[in-house]
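J.: One-letter residues, chain by chain:
There are 2 protein chains.
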Amino acid sequence: MDFLQLPESIINKSGGMDKQQEKSAAVRDRGQTTADFCSIYSKDLLPASGGEEITREFLQELLNILLSYISKSSQRSSKILDFHHPHQLKEGLEGFSLDLPDQPETLEQILVDCRDTLKYGVNTGHPRFFNQLSSGLDVIGMAGEWLTSTANTNMFTYEVSPVFILMEEFLLRKMQSIVGWSDDEGDGFFCPGGTISNLYSILVARYHFYPEVKTRGMGLLPQLALFTSEHSHYSVKKSAAVLGMGSDNVVMVKCDERGKMIPAELEACIVTAEEKGLVPFYVNVTAGTTVYGAFDPLIAIADICHKHTLWMHVDAAWGGGLLMSDRHRMKLQGIERAWSVTWNPHKMMGVPLQCSVILVKKRGLLQECNELGAEYLFQTDKPYDVSYDTGDKSIQCGRHVDVFKLWLMWKAKGSEGFGSQVNRCLENAEYLYDQLQRRTDFELVFKNKPEHSNVCFWYIPPSLRGLPPGPDRDTRLHQVAPRIKRRMMEKGSVLIGYQPLGAKVNFFRCVFSNPATQQEDIDFLLDEITRLGDDL
Amino acid sequence: MDFLQLPESIINKSGGMDKQQEKSAAVRDRGQTTADFCSIYSKDLLPASGGEEITREFLQELLNILLSYISKSSQRSSKILDFHHPHQLKEGLEGFSLDLPDQPETLEQILVDCRDTLKYGVNTGHPRFFNQLSSGLDVIGMAGEWLTSTANTNMFTYEVSPVFILMEEFLLRKMQSIVGWSDDEGDGFFCPGGTISNLYSILVARYHFYPEVKTRGMGLLPQLALFTSEHSHYSVKKSAAVLGMGSDNVVMVKCDERGKMIPAELEACIVTAEEKGLVPFYVNVTAGTTVYGAFDPLIAIADICHKHTLWMHVDAAWGGGLLMSDRHRMKLQGIERAWSVTWNPHKMMGVPLQCSVILVKKRGLLQECNELGAEYLFQTDKPYDVSYDTGDKSIQCGRHVDVFKLWLMWKAKGSEGFGSQVNRCLENAEYLYDQLQRRTDFELVFKNKPEHSNVCFWYIPPSLRGLPPGPDRDTRLHQVAPRIKRRMMEKGSVLIGYQPLGAKVNFFRCVFSNPATQQEDIDFLLDEITRLGDDL
Numbered sequence: 001m002d003f004l005q006l007p008e009s010i011i012n013k014s015g016g017m018d019k020q021q022e023k024s025a026a027v028r029d030r031g032q033t034t035a036d037f038c039s040i041y042s043k044d045l046l047p048a049s050g051g052e053e054i055t056r057e058f059l060q061e062l063l064n065i066l067l068s069y070i071s072k073s074s075q076r077s078s079k080i081l082d083f084h085h086p087h088q089l090k091e092g093l094e095g096f097s098l099d100l101p102d103q104p105e106t107l108e109q110i111l112v113d114c115r116d117t118l119k120y121g122v123n124t125g126h127p128r129f130f131n132q133l134s135s136g137l138d139v140i141g142m143a144g145e146w147l148t149s150t151a152n153t154n155m156f157t158y159e160v161s162p163v164f165i166l167m168e169e170f171l172l173r174k175m176q177s178i179v180g181w182s183d184d185e186g187d188g189f190f191c192p193g194g195t196i197s198n199l200y201s202i203l204v205a206r207y208h209f210y211p212e213v214k215t216r217g218m219g220l221l222p223q224l225a226l227f228t229s230e231h232s233h234y235s236v237k238k239s240a241a242v243l244g245m246g247s248d249n250v251v252m253v254k255c256d257e258r259g260k261m262i263p264a265e266l267e268a269c270i271v272t273a274e275e276k277g278l279v280p281f282y283v284n285v286t287a288g289t290t291v292y293g294a295f296d297p298l299i300a301i302a303d304i305c306h307k308h309t310l311w312m313h314v315d316a317a318w319g320g321g322l323l324m325s326d327r328h329r330m331k332l333q334g335i336e337r338a339w340s341v342t343w344n345p346h347k348m349m350g351v352p353l354q355c356s357v358i359l360v361k362k363r364g365l366l367q368e369c370n371e372l373g374a375e376y377l378f379q380t381d382k383p384y385d386v387s388y389d390t391g392d393k394s395i396q397c398g399r400h401v402d403v404f405k406l407w408l409m410w411k412a413k414g415s416e417g418f419g420s421q422v423n424r425c426l427e428n429a430e431y432l433y434d435q436l437q438r439r440t441d442f443e444l445v446f447k448n449k450p451e452h453s454n455v456c457f458w459y460i461p462p463s464l465r466g467l468p469p470g471p472d473r474d475t476r477l478h479q480v481a482p483r484i485k486r487r488m489m490e491k492g493s494v495l496i497g498y499q500p501l502g503a504k505v506n507f508f509r510c511v512f513s514n515p516a517t518q519q520e521d522i523d524f525l526l527d528e529i530t531r532l533g534d535d536l
Numbered sequence: 001m002d003f004l005q006l007p008e009s010i011i012n013k014s015g016g017m018d019k020q021q022e023k024s025a026a027v028r029d030r031g032q033t034t035a036d037f038c039s040i041y042s043k044d045l046l047p048a049s050g051g052e053e054i055t056r057e058f059l060q061e062l063l064n065i066l067l068s069y070i071s072k073s074s075q076r077s078s079k080i081l082d083f084h085h086p087h088q089l090k091e092g093l094e095g096f097s098l099d100l101p102d103q104p105e106t107l108e109q110i111l112v113d114c115r116d117t118l119k120y121g122v123n124t125g126h127p128r129f130f131n132q133l134s135s136g137l138d139v140i141g142m143a144g145e146w147l148t149s150t151a152n153t154n155m156f157t158y159e160v161s162p163v164f165i166l167m168e169e170f171l172l173r174k175m176q177s178i179v180g181w182s183d184d185e186g187d188g189f190f191c192p193g194g195t196i197s198n199l200y201s202i203l204v205a206r207y208h209f210y211p212e213v214k215t216r217g218m219g220l221l222p223q224l225a226l227f228t229s230e231h232s233h234y235s236v237k238k239s240a241a242v243l244g245m246g247s248d249n250v251v252m253v254k255c256d257e258r259g260k261m262i263p264a265e266l267e268a269c270i271v272t273a274e275e276k277g278l279v280p281f282y283v284n285v286t287a288g289t290t291v292y293g294a295f296d297p298l299i300a301i302a303d304i305c306h307k308h309t310l311w312m313h314v315d316a317a318w319g320g321g322l323l324m325s326d327r328h329r330m331k332l333q334g335i336e337r338a339w340s341v342t343w344n345p346h347k348m349m350g351v352p353l354q355c356s357v358i359l360v361k362k363r364g365l366l367q368e369c370n371e372l373g374a375e376y377l378f379q380t381d382k383p384y385d386v387s388y389d390t391g392d393k394s395i396q397c398g399r400h401v402d403v404f405k406l407w408l409m410w411k412a413k414g415s416e417g418f419g420s421q422v423n424r425c426l427e428n429a430e431y432l433y434d435q436l437q438r439r440t441d442f443e444l445v446f447k448n449k450p451e452h453s454n455v456c457f458w459y460i461p462p463s464l465r466g467l468p469p470g471p472d473r474d475t476r477l478h479q480v481a482p483r484i485k486r487r488m489m490e491k492g493s494v495l496i497g498y499q500p501l502g503a504k505v506n507f508f509r510c511v512f513s514n515p516a517t518q519q520e521d522i523d524f525l526l527d528e529i530t531r532l533g534d535d536l
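Taken in sequence, the protein lines are chains A and B.
At position 458 of the first sequence (counting the first as 1) the number is 458 in this note's numbering, and the numbers step up by one without a gap.
At position 356 of the second sequence (counting the first as 1) the number is 356 in this note's numbering, and the numbers step up by one without a gap.
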């Protein structure tokens with residue numbers, strides 16, 4: 001049975017066939033469907049015998065729903081979110097019930113549920129969604145993910161994922177070469193998020209220095225110390241806790257006013273830790289911090305790591321995307337000296353979630369560190385080169401296919417397309433920075449020009465403008481961003497994050513990773529903040 | 001602009017418009033598209049201005065490709081795989097190049113790449129794919145995943161995932177109640193695979209007994225011992241290595257002939273470990289082993305855990321699905337006594353990859369164990385109940401939305417639908433078992449009726465049938481399954497896994513989790529093995 005045939009077999013049986021046929025032809029012309037989903041259930045879909053047409057009609061209807069969402073996503077006039085409190089959604093708004101039934105529901109209800117799920121969600125692809133480092137909706141990447149879920153396989157063996165395993169190899173080599181490693185260096189894989197990528201870096205670093213830890217545990221090891229900047233991602237501490245090293249043994253190195261690790265402070269911390277009897281072994285260097293978008297001085301830190309024989313990891317989860325731009329990649333100069341690198345294409349490169357990579361310079365180390373050689377999965381008497389069965393390199397047994405969407409986007413944009421996309425995001429950041437400098441109702445958190453696409457600022461409402469610096473002003477200013485954010489969420493017109501940092505009270509952090517964003521959206525953001533906060 | 005309008009703006013401009021219009025109308029009636037993708041690039045898609053129609057046409061064409069794949073998947077006559085060696089695929093078969101270009105490729109090429117990716121992949125939804133515990137292609141689950149990637153968000157906060165966060169809560173409560181926990185017990189989340197779920201169980205168990213480990217590390221702890229059966233999944237050892245406990249400190253408890261942990265052996269191992277100065281703290285009990293599908297005796301082991309105050313974890317990654325069946329759930333009797341449970345709906349319940357859950361009985365423990373309170377993500381001055389910001393409970397910062405596809409499938413099937421699906425898989429296993437018992441050219445690895453859907457057997461080719469048991473026969477029998485598997489892969493007609501286990505030489509393991517499989521497929525499997533192995 002051909003999917004492309006007319007769906008006569010499941011045309012709504014009610015009503016005269018002539019009229020029905022007319023209607024069918026009309027709706028078909030508009031990409032609509034004609035099945036009566038009110039009396040059809042999931043059991044009628046493929047692989048049920050004769051389920052081809054119903055499956056086609058159902059997925060066509062889903063496509064229409066998704067297309068309408070995608071189209072709305074890119075319209076500035078549409079709301080980013082339609083906020084409801086948890087208890088409101090749980091009570092079942094307009095018939096949208098989260099309850100899980102004993103009996104099946106019709107496909108009509110399933111389609112309604114799909115529409116409602118999107119309706120009450122947050123539109124992360126909207127040009128005015130500035131809330132997270134991951135934003136936008138790349139149609140090619142999304143298409144890649146649709147195909148991935150249709151292929152529905154796992155990354156553990158070449159046997160079940162021949163194409164995806166090879167795509168991973170090609171992408172890793174490409175990314176390693178962009179990092180600046182030679183052809184005989186480099187290893188890695190795609191991980192479920194940047195935290196897990198960072199965790200892998202500490203895991204292999206520990207194994208590199210103390211291979212006996214794998215079989216015998218931490219008991220025989222000295223007390224290890226890790227170093228990372230006070231502006232770095234919390235995943236270093238989290239990983240140290242998980243790996244049994246203790247979060248207290250992660251030394252938070254001081255940063256300068258711009259959020260960059262101070263090399264002399266790192267050196268001092270290493271000495272202090274040694275004096276306390278700890279054994280330094282790992283330094284996390286951030287290329288693009290979460291809040292300020294700062295780049296630690298990679299070369300100076302690489303020198304220190306070299307001098308003390310410490311594992312140098314570069315967390316470029318956020319900053320890695322800049323490697324794709326000829327204009328900005330010099331901000332990561334020195335990254336080639338890293339022993340491992342985290343790079344999340346799902347952030348600056350706009351790849352749909354999730355897509356994160358851990359790269360390890362020393363080939364084979366991940367395999368040695370993690371392999372257990374379970375014979376029921378990794379047989380050695382297979383009819384192909386079993387070095388392509390990469391599943392034993394990772395902690396995970398089954399690994400989700402995160403590679404295809406990036407591969408497809410790379411085909412569609414080329415390296416140069418990613419470069420221009422990154423450039424545009426940084427141009428947006430510079431534009432916002434320029435606007436803020438000109439205005440008296442906003443204040444920059446740091447004066448320097450943005451290095452990444454992060455721009456941090458306070459909005460100063462009229463009532464605070466005359467106040468002298470001090471605790472009273474700080475207390476009041478601290479409440480401004482949360483109040484404006486609350487109004488933003490209620491209105492749904494724009495979304496931006498805020499947070500305090502160190503001694504600095506709540507400020508807005510704007511980040512640009514969505515290619516849909518244009519200067520008019522930045523103008524709108526500032527005007528909207530002013531509108532929403534003017535009376536505070 | 002309406003997505004459902006006719007795509008006149010991008011109709012192929014070449015040729016007379018009258019003929020073109022005719023053609024357009026004709027192909028539209030067949031769900032085809034009319035755009036000339038040879039001259040269109042990804043930059044022309046949304047969010048590009050005026051990109052609606054091109055986006056619609058492109059995704060419509062992708063849908064046609066995916067529909068054709070799904071339809072083929074369910075056809076018994078189609079091949080499961082078209083095997084090529086890694087070097088063949090890397091050389092670029094029939095123009096399918098894995099290389100990553102500098103310049104963008106056309107959308108036409110992108111669609112060709114999508115077709116080729118599916119063409120050279122493995123059809124895991126085929127009714128005769130018996131190779132992995134995860135198989136089948138559930139259309140509703142797949143639709144859920146398409147929507148998830150279109151929504152493109154993260155599970156860390158209610159702010160960006162209000163609906164998905166609540167769906168996770170509803171599903172976890174449901175699953176906890178099915179496990180048999182009371183309303184005031186139970187916590188958890190969706191994890192990237194069963195290994196990570198199992199890792200979480202060890203992580204919280206360690207924290208429960210030694211909360212200081214989080215900040216101070218393993219150095220102050222005694223040498224801990226973990227227990228699991230010799231038939232259990234290797235993730236327990238892998239996790240012990242990762243967490244700094246050492247894989248050698250995982251004690252492999254002996255199983256009976258059927259692959260079930262022997263409680264008396266566990267008790268003996270605990271005593272021996274204590275005598276060696278180790279401190280037992282954790283027992284992994286498998287409900288559905290990977291190869292034999294065996295269920296450890298949960299109640300007897302729960303008694304031992306209770307007596308020694310050990311954390312009882314049940315790895316029901318594979319067996320958890322049986323809880324959905326009134327007929328089979330008694331095989332997991334005692335699971336309610338577990339302190340934590342791993343359950344992978346992506347296995348027996350047929351949910352697309354990935355979908356795994358870690359359930360922890362003691363509420364709040366995951367949060368305490370993993371939280372670091374990063375203020376830039378988890379602000380406490382938000383305008384809603386921030387207990388719904390679940391991101392700090394997990395190791396991962398961003399967490400992929402794995403919940404929606406399961407939620408949607410539950411709506412579509414109801415609890416009862418999952419129950420019948422599981423029942424049918426186990427009926428298939430019993431049918432295969434019955435067939436094997438009747439035949440003289442096959443030999444069962446264990447005589448007992450299957451408890452789960454795993455059936456393990458040897459094919460004995462004519463040349464081996466007269467041989468007496470012993471090393472010579474074993475050596476030759478060991479080579480039979482790999483040789484047949486090689487031929488299967490070349491022919492692409494059926495796919496089944498094999499492995500050795502302990503003293504047992506290579507045997508086939510058949511597993512049923514695909515609702516598409518029917519008795520005729522099982523008959524075909526046996527006949528095909530006979531055809532392929534008759535001359536060995």
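By construction, these hints were calculated from the structure, which means they are not laboratory data.
The beta-carbon is built from N, C-alpha and C at its ideal position, and this holds for glycine as well.
Fair warning: there could be bad hints in the mix.
Claimed, not checked - Over 12 Å on every C-beta distance to chain A, these chain B residues come out as not near it, computed from the model:
1) Asn123
2) Gly144
3) Lys347
4) Asp434
5) Arg531
Said to hold, decoys possible - Taking CB as the label site, the calculated pair distances span:
6) Gln367(A) / Ser463(B): 36 to 46 Å
7) Ser77(A) / Lys119(B): 16 to 26 Å
8) Leu467(B) / Gln367(A): 51 to 61 Å
9) Ser463(A) / Glu375(B): 24 to 34 Å
J.: For each hint, tell me whether it holds in the structure or not.
T.: Evaluation of the provided hints:
1. Asn123: Violated: least Cβ distance 9 Å, not greater than 12 Å.
2. Gly144: 8 Å, violated
3. Lys347: It is violated; lysine 347(B) is separated from chain A by about 9 Å at its closest Cβ, not greater than 12 Å.
4. Asp434: 23 Å, holds
5. Arg531: 18 Å, holds
6. Gln367(A) / Ser463(B): 36 to 46 Å: 38 Å, holds
7. Ser77(A) / Lys119(B): 16 to 26 Å: 42 Å, violated
8. Leu467(B) / Gln367(A): 51 to 61 Å: 39 Å, violated
9. Ser463(A) / Glu375(B): 24 to 34 Å: This hint holds: roughly 25 Å between Cβ atoms.
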